[in-house]
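Peer 1: Read top to bottom, the protein sequences are chains A and B.
According to the numbering used here, the first sequence is numbered sequentially starting from 1.
According to the numbering used here, the second sequence is numbered sequentially starting from 1001.
Certain hints may be false.
Quick list of in silico lysine to any residue cross-link-like pairs, SDA-like style, CA-CA up to 20 Å [as the list claims (entries may be wrong)]:
1. Lys1004/B x Glu66/A
2. Lys32/A x Asn1015/B
3. Lys1010/B x Ala70/A
4. Lys185/A x His72/A
5. Lys1227/B x Trp189/A
6. Lys1227/B x Thr104/A
Think of the hints as simulated: they come from the structure by calculation, not from any bench.
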Amino acid sequence: MSTTDSTDTQIKKLETNPEWSEWMKAAQDGDKLAYNKLLSAIAPAIRRFVQGRIFNTDSIEDIVQEILLAIHKSRHTYDISQPFERWMYGVARYKMIDYLRKMTRYTKKEILSDSYETFLPAPSNSNTEGILSQDLEDALEQLSDKQRKIIRFMKIDGFSISETAEKMEMSESAVKVAAHRGYKKMQDWLVKNGYDDKQ
Amino acid sequence: MVTKKETETKDLIANLTEDMSEVRVLPSPLKRATFWSVVSIALITVVTIALMYMHKGLSLQNLPLFDNNPNSIDQKLSVLECLSFILIGFASLFACFKLSIPDIEHSRLSFILLGIATGFLALTTLLSFTNSDSLVMHEELTHGGDHLCIEGLGAIIALPALFIYRILKRTAPTLPAWTGYAALLGVVSFGTVAMRYLCSTETYAHLFLHHFAPAMVLSFFGLLIGKLFLRW
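Work the whole structure out from these sequences, hints included.
Peer 2: Written as structure tokens, this is what we have:
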């Protein structure tokens, strides 16, 4: 009983607004204005939700953006008869944990590759330097020209988001969205071709 | 003061707004569970009938409803067992579709239904084990030979499971492992009923070793499938 009570209290503490549900309903019907209002209104609430749970302040905005993308992707699953905030914070918590899990995995991998670096053959002795593995090249081939260019600039040539945006003559957020979709497409293709996404 | 990253978020919102279009909202979990229960039962029936034709020696006289074999397990109990499995199959699918929708605190109903379904399967498995004749059990273990029933169960549930996982992939489960488990438990429950029609061996030992225990193990694979396949 005490667990349920504390959960109920926790849910009650979360920010909400009766208009969110109405805006989402309108957005599901294709109303762009309502959707813009909704995303603009929930972004600060999501930011505060994440801030209260994350110590690394550098990651907060990245997580907020991930959550907004997830809300966008899963908006067809919202049922108007249910409270919107339960659905929204459900997505937010899932994506926040997912982001942190990924970050932990990447950090571990980086530490591991650093510690083994000295055992690897010197890049100058290898003719593979600067060349992507065939599988990654094939995965890149699945993308549109724009997505491919963006991922090459950011992940191979080492440009920042703002530099990539400048080169592509796009806004930084558009670059982020295109890169996100590109990664997803590459991941799907790699998984379909036998790669485990846990690796 | 607005940071650079917050400005990026604003741009992202503008882009997402631009990108959005009308979406087809998912039907309620109850509607989806009803639809997929009917589809699963239909698919399982077709595959079961096909398997009956493929394997000679299997016939409709083994139907629990019309069984005249005096040595078989009590008819009323069999009918009750089949009806219960259909009910828990439906309950599991309902829980599965409820879990496939994001929620900060999933309703207790989903977990209660899953608990009842798991408990029923576990109890049936346990009862079939405790009622087993030790000699028959020994015989099944040593000379049981092939695993036709286990393979049959796998074949029977493959199609509906595949369809339901494909459908779930279009949803947004925040507890993917449990969603995967509920999906497989639902389909396996329907499959277990079909196996009672398909299989002519009516001993508790056989039911334990070749029907209920494999059904439990198969259901638990759903946790793994859900965790690997339903993440989004």
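Peer 1: Look at each hint and say if it fits the structure.
Peer 2: Going down the list of hints, with the structure as the test:
1. Lys1004/B x Glu66/A: holds (16 Å)
2. Lys32/A x Asn1015/B: Within the cut-off at roughly 11 Å; holds.
3. Lys1010/B x Ala70/A: Given pair lysine 1010/B, alanine 70/A holds - Cα atoms ~16 Å apart, limit 20 Å.
4. Lys185/A x His72/A: holds (17 Å)
5. Lys1227/B x Trp189/A: Within the cut-off at roughly 19 Å; holds.
6. Lys1227/B x Thr104/A: OK: lysine 1227/B and threonine 104/A at ~18 Å, within 20 Å.
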